[in-house]
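Residue numbers (our numbering), protein chains in the order written: chain U, 1 to 122; chain R, 1 to 377.
For the record, the hints were derived by calculation from the structure and aren't laboratory data. Honestly, I wouldn't trust all of these hints.
As the list claims (entries may be wrong) - Simulated crosslink set (BS3-like; lysine-lysine; CA at most 27 Å straight-line):
(1) Lys230/R <-> Lys108/U
(2) Lys276/R <-> Lys230/R
(3) Lys108/U <-> Lys208/R
(4) Lys220/R <-> Lys108/U
(5) Lys208/R <-> Lys220/R
Said to hold, decoys possible - To list a few chain U residues with every Cβ distance to chain R over 12 Å, as calculated:
(6) Tyr2
(7) Leu17
(8) Tyr26
(9) Val27
(10) Val28
(11) Gly30
(12) Phe36
(13) Glu44
(14) Lys46
(15) Asp48
(16) Arg69
(17) Pro76
(18) Leu78
(19) Thr113
(20) Glu122
Where is the CB? At the ideal position from N, CA and C, for every residue including glycine.
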Amino acid sequence: MYRLLIVDDAEYVRDMLIDMLDPAKYVVVGTAVDGFDAVRKYEELKPDLITMDLVMKERDGINAIRDIRELDQDVPILVISALGRGELVDIAMEAGADGYLWKPFTVKNLSDTLESLLMEVE
Amino acid sequence: MKMHEDDGKNASDGVIRVLLVEDDPADVKLVQMALSGSGHAYETEVVGSISAATERLHAGRFDVVLLDLGLPDSRGLDTVSKIHDGHPRIPVAVLTGLDDEEAGICAMQRGAQDYLVKGDVTSRLLTRSIRYAIERKRAEEEIMEERNRAEFYNDLLSHDINNMNLVAMGHLEMLLRMPNFHNEFKRHVHTALNQVRESANLITNVKKFTMIKSGRIELKTMDIYPPLKKATDVAEASSSPGRVRIDSNITEGRYFTCGSELLFDVFSNLLNNSIKFDEHETVEIDVGISSSDDEKYWVIEFKDLGPGVDDDLKGAIFNRLERGHASVHGSGLGLTIVKTIVESYGGTVWVEDRVAGDRSQGSNFVVLLPRRDELRI
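Sequences and hints are given; from them, build the entire structure.
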């Protein structure tokens, strides 16, 4: 069972991700609403995997990735971003993200991406 | 109250406040005479350097700057940039030396609204130049505002509405996956899901359109087969099993063009368009490739058995964003994207009747892509 932290500024996206994840494989141990919150929750919960939105008001996902990478080189981070934000995703990957998923995605897209990400890092 | 240039434009009393930036007393006199002889109400303040001009623009309110390009603390076109960078909203008309129209034109590229050759300064020309600079600046600001607004809508679409679509799609999909969900209801959920997908596609297309138009896509020599194969697979998988049959004579490693990853979108949009309008129980599309007679292009034809396209609409369906064509409903942005992408590769696209003169026999969408030699590594 993988312990997940979900970072997204939209509540309805966070809730939907929780619903979409296969409960036999994943448990969402926490959610964060911006980059600051993400780092706090990361330290507190030490999840096995993080999903990261990029465009957030207080502190964005790219900075959150950089902050988390200073604390932990290994925790897999999956960027979830709106299509057409390719340049942001490139920066996020350079900052240390391990994979990305474009919105909108299907249940299958999400589970396939998570699985291949976990396979890669293991 | 401290006034600022940004507080507004022309004073309500009709007086135009001019900041004349000129260090040569003779030229100052020339301009002042022209202004006073014009019959219009001007209030002129004169400074002899860029630093003084900047200071005055910070402190007071002016409607326009008349700017000499040869000042003690700034020479040439940098003079324009210094005013423009510090005070981007103030209209500027540049005074150039005799026969130096080139400098005037360059000054306009740096942010000035007009220029005037000093030797030609008459009351009439100066007044016209000042009015023109103010009006042009106003128009520029309006365009800028429109552009900001368009970017805002674009952001709203690509972020907020995209998120909402994502969530709607996610929940509908989960509903369909519920083991005890009543079969009778599935039809409605499928319809809703398809509509939300269409909405998401539309947003994706708007986003891609913006990307192409802003020139952010790099072109490279590429094989036509993989994107066509992917588009074919996706199109077949998106309909109920067996409904869509796509035949093609395109093989891997033979047909190369100069394109980008958006070639997939070209094929995908063309296939989806044919599928969407075909009401037969099964949809058959034939995709064929050949060389143009001059061997410069690959000619790719997508032949369907759908309802065909009215002669009147044959051009318009590709031009949704052009003036006057916005009301071609039902086609989304798909074909507009196709045309934009294909043209950015140096190709063309059009539609003709599959059987010439008989629209009811279906359509033939023809794409010309520049022919490239095999990939050399």
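| task | Classify the label on Leu17/U as holds or violated, using whether its beta-carbon is more than 12 Å from each beta-carbon of chain R. | result | Answer for Leu17/U: violated, closest chain R Cβ roughly 8 Å.
| Against chain R, does Glu44/U keep a CB gap of more than 12 Å to every residue? | Holds, because the least Cβ-Cβ distance between Glu44/U and chain R comes to about 26 Å, which exceeds 12 Å.
| message | Check whether the Cα positions of Lys276/R and Lys230/R lie no farther apart than 27 Å. | response | Distance ~18 Å between Lys276/R and Lys230/R Cα, so the pair holds.
| Holds or violated: Lys108/U with Lys208/R, Cα cutoff 27 Å? | Between Lys108/U and Lys208/R the Cα gap is close to 24 Å, so the pair holds against 27 Å.
| request: Beyond 12 Å from every chain R Cβ: check whether that's true for Phe36/U. | output: Consistent with the label, Phe36/U stays out of reach of chain R, its closest Cβ about 20 Å off (over 12 Å).
| query | Checking the smallest CB distance to chain R, is Val27/U really beyond 12 Å? | reply | Its Cβ never comes within 12 Å of chain R, the nearest being 17 Å, so this holds.
| query | So is Glu122/U really clear of chain R, every C-beta pair being over 12 Å apart? | reply | 27 Å, holds
| query | Does Lys108/U lie within 27 Å of Lys230/R when you go C-alpha to C-alpha? | reply | 17 Å, holds
| field | Non-interface claim for Tyr26/U versus chain R (Cβ beyond 12 Å) | value | Label holds. Min Cβ-Cβ 15 Å, cutoff 12 Å.
| request: Could you grab the alpha-carbon distance between Lys208/R and Lys220/R and see if it respects the 27 Å cut-off? | output: This hinted pair holds, its Cα atoms lying about 18 Å apart.
| field | Beyond 12 Å from each Cβ of chain R, as asserted for Val28/U | value | 15 Å, holds
| request: Examine each Cβ of chain R, and state whether all of them lie more than 12 Å from the Cβ of Tyr2/U. | output: Non-interface label on Tyr2/U holds, nearest chain R Cβ at 19 Å vs cutoff 12 Å.
Of the numbered hints given earlier, the model fails hints 4, 7; all others are met.
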